[in-house]
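Sequence lines, in order, name chains L and C.
For the first sequence, this note's numbering begins at -11 and goes up steadily by one.
For the second sequence, this note's numbering begins at -14 and goes up steadily by one.
Simulated from the structure, these hints should not be mistaken for laboratory data.
Ideal Cβ positions, reconstructed from N, Cα and C, are used throughout, including at glycine.
Check each hint, because a few of them may be wrong.
Stated by the list, open to error - To give a feel for the contact side, a few chain L residues facing chain C, derived at Cβ under 7 Å:
1. SER20
2. ASP32
3. SER58
Claimed, not checked - Here are some chain L residues the structure puts well away from chain C; computed CB gaps all over 10 Å:
4. THR(-8)
5. ILE(-7)
6. LEU(-6)
7. ASP36
8. LYS39
9. ARG118
10. ARG122
11. PHE128
12. THR129
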Amino acid sequence: MGATILKGRVFKFGDDISTDLIIAGKYAHLRSNLPELAKHAMEDANPDFIKLVKPGDFIVAGSNFGLGSSREHAPLVIKMAGVSAILAKSFARIFFRNAINQGMPALICPTDKIADGDNLEISLDEGIIRNITRNESYSFTRIPAAMLSILNEGGLIPYINKHGDLKL
Amino acid sequence: MGKTISEKILSNKSGIDARAGDIVISAVDLVFVQDTTGPLTIRQFKSGKKQTLASSARTALFIDHASPSPSRQLSNDHIFIREFAAETGCLLFDAGCGVCHQIVAEKLARPGDVIVGADSHTVTAGAMGAFATGMGSSDVAVAMSLGKTWFRVPETIRIEVTGKFSKGVGAKDLILYLIGLIGADGATYKALEFTGNAVDSMPMWQRLTISNMAIEAGAKVGLFPSDHITREYLKKLGRGNGYKSIFTDPDAIFERTINVEADKLEPMVARPHTVDNTTIAKSLGDIKVDQVFIGTCTNGRLEDMAEASSILKNKKIHADVRLIVCPASRKIYSESINAGYLQNIVEAGGIILPPGCAGCLGLHQGVLGDKEVCLSTANRNFKGRMGNPEGLIYLASTATAATSALTGRITDPREVL
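Chain L extracted, bound-state conformation:
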């Protein structure tokens, strides 16, 4: 990712944010119209999210973020909303893999001290999250090497197009 520093504001969510809360199944008819689908990102968890989110902002949550469905539309609509990284105490397995496959950093770290509206700066290379609002720093769990190589190519399809094969 080079020397990328991600900067943005926090939208805070709780534990067990399901893929239905991220993008409800009732909008399945919009899945071939992604710009329309993305207008409903996080709707049932925070109806104001899509109005307020700005490019670069972060989703910060508790444990088991993204449980439920395998719909890759979940990290996709979050990415389309402009979010630059998702931070959680833990992720559900399929969501975690889908986020990386979409080139979306999904970072496992303690999140209790991070509040809604805090400003963060994240250095993916250093593994450091700086909370500018609170003058604190946190580290995140290293992304496994196999997944980091996919993230660094911007996702799984770009990875395969570049390397021609899975070479993990």
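For this one, chain L is given, so just place chain C on it according to the hints.
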């Protein structure tokens, strides 16, 4: 040193001596999508450089989630899926065939297979000793194209089930109990393996219910041994030559073992809005229900139809309840007609839907109104799941659901049985 079922299958399919924690590249024996994940998967596939299927005979597309389609957009998605099937010669199971996971069990899954599907309940085929797991569209697109995927070999939690279910209690109660015990993330990144004397004699339809919900504890797979039950199940379907036995080794390493005594289980209910928010049905108090839904890849099998029929026969459902019943496949639908089950359900006041996912994911066929309560045999009760964040979804067994349709409140089936 012995191996778990996951380690055995992934060793076989990766060609290396795979152990928990290893990253392996595994051959994929079956890859599939459904109509709400398929269009994105096909687009991801088409954005890849290699645009041919690794195996058209082992790639399947299912039109089941919105079937028949409730909207113009979804109808157009269905056209897109059908066109891809025509272009590539892969398998297509169109509207009316049934839920992908049930068709996979009936027609496609074999013990020892690695199966990836763009649907989280792909874990269902673990009941047949297949390493079957749900993935997103990018991973599935790559598996379609390359015939392989990567896995971290999971650690295994062994679930040792002993004894016998008492009357009115079954597989759904067991898996709800287990998810309540370990939590919705209790098995994240892990394999669940079911064993014990209750499993040795457990019929396939119950195993499928249990494996189906392994994902609700976060598990990557929910595995049963491939044994005499699996052999007979495949034989009955005319697929006996696909059978091979798979058992975990006695000296395999498990992360931990959880013992469950089947005799002590009671009818369970998961309350809104998480599957691990469980309690025993009789302790719930007076919860009136507006809608009862019996069906889905969890509990839409012939034995579920039989159970609902036997509870509802010659009775009338409560005046304030809508009872929606959906056989999971065309085969189940047809056999339920022949056995008279659907007639009994209809005469009791039930509504029969065409084989498919029906109202489970909130697209159509049973969307909840504000503050309405649904008692469902499905696998998820997340807020908004059935199309309305103001709806309240409780999960239970078919016996509990059918009984509650009669009483109009969530009822322990033993009150009636």
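Tested hints:
Against a cut-off of 7 Å between C-beta atoms, the interface hint on SER20 of chain L holds, since the closest Cβ of chain C lies about 5 Å away. For ASP32 of chain L, the shortest C-beta to C-beta distance to chain C is roughly 4 Å, which falls under 7 Å, so the interface hint holds. At a threshold of 7 Å, the smallest CB-CB gap from SER58 of chain L to chain C is about 4 Å, leaving the interface hint in force. For THR(-8) of chain L, the non-interface assignment is confirmed: its Cβ lies about 21 Å from the closest Cβ of chain C, beyond the 10 Å cut-off.
Every CB of chain C is more than 10 Å from the CB of ILE(-7) of chain L (nearest about 26 Å), matching its label as outside the interface. Every Cβ of chain C is farther than 10 Å from the Cβ of LEU(-6) of chain L; the closest lies at roughly 22 Å, confirming the non-interface assignment. The beta carbon of ASP36 of chain L is kept farther than 10 Å from every beta carbon of chain C, the shortest such distance being approximately 14 Å. In this structure LYS39 of chain L is separated from chain C by more than 10 Å, as the shortest Cβ-Cβ distance comes to about 17 Å.
Here ARG118 of chain L stays apart from chain C, with its beta-carbon at least about 28 Å from theirs, past the 10 Å limit. With a cut of 10 Å on Cβ distances, ARG122 of chain L stays outside the contact zone with chain C, its closest approach being about 27 Å. The Cβ of PHE128 of chain L sits about 17 Å from the closest Cβ of chain C, beyond the 10 Å cut-off, so the non-interface label holds. Every CB of chain C is more than 10 Å from the CB of THR129 of chain L (nearest about 13 Å), matching its label as outside the interface.
The structure is consistent with each of the numbered hints, conforming to all of them.
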